[in-house]
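Student: For reference, the chains in residue letters:
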Amino acid sequence: MTLAWIPLLTLLGVLIPVPMERFGRRLCTLATATPVVIALILVLSQLPMLLSGGLPHFSLTWIPSLGLDLAFRLDGLSLLFAVLILGIGLLIILYASYYLSAEEASGRFYAYLMLFMTSMIGIVMADNLILLWIFWELTSLSSFLLIGFWSHWTDARKGARMAMTVTGAGGLALLAGLLLLGDMAGSFDMGTVLASGEAIVADDRYPIMLVLVLLGAFTKSAQFPFHFWLPHAMAAPTPVSAYLHSATMVKAGIFLMARLHPAIGDSLLWSWLVTLTGMATFLYGAWFALVKTDLKAILAFSTVSHLGLITALLGIGSPMAIVAALFHILNHAAFKGAMFMNAGIIDHETGTRELDQLGALRHAMPMTALVTMIAAAAMAGVPFLNGFLSKEMFFAETLYTPLLGGLGWLLPMLATLGGILSVAYSLRLVHAVFFKPARRQPPKTPHEPPRLMRAPAMLLVMICIAVGLFPALLATGILELASTAVLESVPELHLAIWHGVNLPLLMSLIAIIAGVATYGLHIHLKRFVRQFAPIDARLVFEGAIQTIASIAHTLTRRLDNGSLQRYMSWLLGGALLLATLGLVQLPRLDGGQATHPVDGILLLGAALMIFGAIGTVVSHRHRLISLLMLSVVGLVVSLTFARFSAPDLALTQLSVEVVTMILLMLALFFLPQKTPRESSAKRNIRDLTLAGSLGMVIASLNYAVLTRDIDSISNFFVENSVPGGGGHNVVNVILVDFRGFDTLGEITVLALAGLAIYKLLNRLRLFMPHSDGEGRVWSPDRYPMILTSVSQTLLPLALLVSAFIFLRGHNQPGGGFIAGLITAVALILIYMARGVEWTQSHLDFPYQPVAIGGVAVATLTGLGSFVFGYPFLTSAFGHFHLPWLGDFELATAMLFDLGVYLAVVGATLMILANLGKVTTPHRPRKDDSRAGTQQPQPSSKEPR
Amino acid sequence: MESLYAITTGVMSACGLFLILRGRTFPVVVGLTLLSYAVNLFLFSMGGLTTDGAVILDGFADYADPLPQALVLTAIVIGFAMTAFVVILAMRARGDLGNDHVDGRQTDDSREEHR
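Chains as they are written, first to last, in my numbering: chain A, 1 to 944; chain B, 1 to 115.
For reference, chain A alone in the conformation it holds in the complex:
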């Protein structure tokens, strides 16, 4: 549990600063630092366990189906990084409290910083690949907030966006890579993954996975060619740069490579990709650090360069190289943190970061000058400082690696070249800022900053010196601890300043001497660089973004032009393509199953349906005729169901058919009676082709299925219907029992449709013509006598039938759906015969509660099973005997079916009665004086 507290404490720290802000900057800083200090103590408290060979570990199951656990570990590598993150974090909190001006929202800044710290701690401690990735994304997000902290400034916004885009894209690649990796290892658990290195490297998908993971690491650690976001992220406040871009965020990629090295690092592909990328970045960054003139840009490119150095070491991958990489991570964090903080102090005290305006500052700020000079010397790799040690180890590794074979001399040469450039840019920075007289005056008169603002950088520089002087004493322990997490056997470390005269020392010497000489020739170098037009990465990036956006815009406009017809044709075309592809793969259409002979009735039925369907299309411009044709099809469909052993379906189809036709007739009253002729011939041919081809594909598919052996799961239902559901009508038992949950969903949809229609009809502005399409006035005889009397006689009869159908539904054709529809039809007949006003005065209740009540009854029946300790919708049934009526059966399924019945009645009547209500009371007549007020649009607007 102690482990979980570490990220939890920093996460709690996110909540502290904002409310504490009003108590003053000093208290706010103190309160923010407190959880960090406690977390740091907790991390260090794990040391004894680690040293005795244990592995502090915490695990909590989170989403087991995704393989995601809330699991943390604290091995040597995590410890090294955690100390770095929390320790430097503390210094940054102190530094920022002086750096931010009084009117800036320090609370918000600290909250972002703590969020970032939490996500970094999460990355280094995660014991699960997916958890690691979640924290990884969180660093992208929180660094976006931090880089863009001065959001009123365009550069900050653009820099933040660029960092977010690049690292976010890398994060997606990383997710894909980690998913592959987890799949290859068989688990997302870090321990399992790290232990199955051999299997992973041998896997076929290894190269793809490796490239994806490395894309994530390279973008995060600003490796060439993804380095360009880092210099632009310098728009961030300097504490952010010092924290994110020296010690933490850019080291996340490095951390990932070190962490996964045991699992994925043992291959030639890894060595090539990582080493060469690292070397390229090392040189590229060093060169640009030499030619830039903005203080922070120089530091940014120098960071890129050093990250390249570490990456190259990880690529070389020998045990000593790994140790050297870890050592350089520590050293770089120390001297670069100090450099950034001092750059911030200089910026803060002089008001500029341009080398042109800075100069001779050693008089005004002697302490800062001293501290910066020591840090820069460490950065350059001057002896007796920490940078020298790790850089020499790097030189040694480039000498001894077998990677490039015959071209093996190339790596040490390039390394030395990079060393020369490092010395040159460090020297240039120090000389230009502190010694050379300034060409122009800085905006402010420089003076030393407050002592506490200087303190963090001084502390870091002291670490640089101490480690540089006593490496064996100070660094060996933590390096050995950290490398146990990466390496199987840790090589014996001999960290010392003096190893005797050897090649790496010679390389260091060459680097320093040639570096000084290069800076001497700097003027010529500058002239050389001026010949090339500078490339602004931001312009290139913004241009690329704009291009992508405009392509997306064009594509969207082409596909999504707001036309339903266009969408439908795309959709149907796609369906046609897919179905055709499926059909083509079929060896032959005919499955070989014996077919049944055709008889006369079947032929007649088919002919009627085809006639009706084609008739609907042909007459579609005359809507009423088209509707009548449609009803022919519907009726024959119902007969088809009856013919092929589906009495329940036939009954349902028949009653739905009636209801649908009434509905469409009513609707037609409000819509134009005719469709204008507006489709071009071209359009008609396209639609005919599309619809015709799809029809053929559907027919072929249907034929293919019908002539094949059917392997159905229905035997289960047939066998269990009586013993399990207590009903002989299997279809009904499936509906109310086996698949009751589906039915519950369906009646809910039905009730929702009814409610939606109720709302849609509300405050509807109507077009109510006083005559039909031909100009004939509606019949004045509103309620025909015969219909009136017949319907009234029919009602009790119909209700009786529906009760009968309902009751027998469990054993004979029938059930809630059909009974509900029959009741609805009977009631609608009354409405039609008598009109809404009469019916409402005699049958006065709203249908919404009926529909909702139906759904509620069905749900409660289902919930009732819980009372008896059964799962949702478990049914029970029993047989009862009543005098006279005989044996009959009661099942909870019947109660459920009652819910279905009520929902169907309620929803159907809600739809039709509400629609009817709109039509009836104010039907306009030619002589009706009220007609005018009911016609917001004159009827002459009707398309004729």
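FYI, nobody ran anything at the bench for these hints, they're computed from the structure.
Treat the numbers as computed from the prediction; the structure is a model and nothing was measured.
There could be a bad hint or two in this list.
Label pairs and their in silico Cβ distance ranges [said to hold, decoys possible]:
{"id": "1", "chain 1": "A", "residue 1": "V584", "chain 2": "B", "residue 2": "D52", "range": "29 to 39 Å"}
{"id": "2", "chain 1": "A", "residue 1": "R588", "chain 2": "B", "residue 2": "D52", "range": "28 to 38 Å"}
{"id": "3", "chain 1": "A", "residue 1": "W62", "chain 2": "B", "residue 2": "D52", "range": "49 to 59 Å"}
{"id": "4", "chain 1": "B", "residue 1": "D52", "chain 2": "A", "residue 2": "R808", "range": "13 to 23 Å"}
Listed next, the stretches of chain B that the computed footprint assigns to chain A, with coverage defined by at least 3 CB atoms under 8 Å from CB atoms of chain A [unchecked claim]:
{"id": "5", "stretch": "13-22"}
{"id": "6", "stretch": "65-73"}
{"id": "7", "stretch": "83-91"}
Glycine included, each C-beta is placed from N, C-alpha and C at the ideal position.
Following the hints, put chain B in place on chain A, whose structure we already have.
Tutor: Leaving out everything else, chain B in the frame of chain A:
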């Protein structure tokens, strides 16, 4: 018989789809209804075509497949709800926009070539 059944569903689907591609709401609603008939027939036939085999258990052995029937039964009812909703939506669209074109444009512009 199987081929006749398949051809019928094919023709009905084709007619429904052609109507769905029209530009005015009412034919689209009619097309949707026609298509849902065809789809229901198609789904229904997935259990094979059985004559005189209604699944009312009475000791007789050769039953039709009850599962597609149960699915189609709810599909019919849901299909009605959908048709109702779409047709009322069409009415509402006409009331609010002043025309019954499926694209719901404010002006009754019948140039179709650009769509």
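Student: Taking the hints in turn, state whether each one holds.
Tutor: Hint by hint, here is what the structure shows:
For the pair V584(A) and D52(B), the supplied restraint of 29 to 39 Å holds, since their beta-carbon distance comes to about 37 Å. As the Cβ distance of R588(A) to D52(B) is approximately 31 Å, the hint placing it in 28 to 38 Å holds. Taken as a hint, the range 49 to 59 Å holds for the pair W62(A) and D52(B), whose Cβ atoms sit roughly 57 Å apart. Separation of D52(B) from R808(A) is about 20 Å and conforms to the stated range, judged on CB atoms against 13 to 23 Å.
Here the stretch 13-22 of chain B counts 10 residues with a CB under 8 Å from a CB of chain A, which clears the bar of 3, and the coverage holds. Counting residues of the stretch 65-73 of chain B whose C-beta sits closer than 8 Å to any C-beta of chain A gives 7, which meets the bar of three, so the coverage hint holds. Check result for the stretch 83-91 of chain B against chain A: holds, 8 residues qualifying (beta carbon to beta carbon below 8 Å, three or more required).
Comparing the model with each earlier hint shows no violations; every hint is respected.
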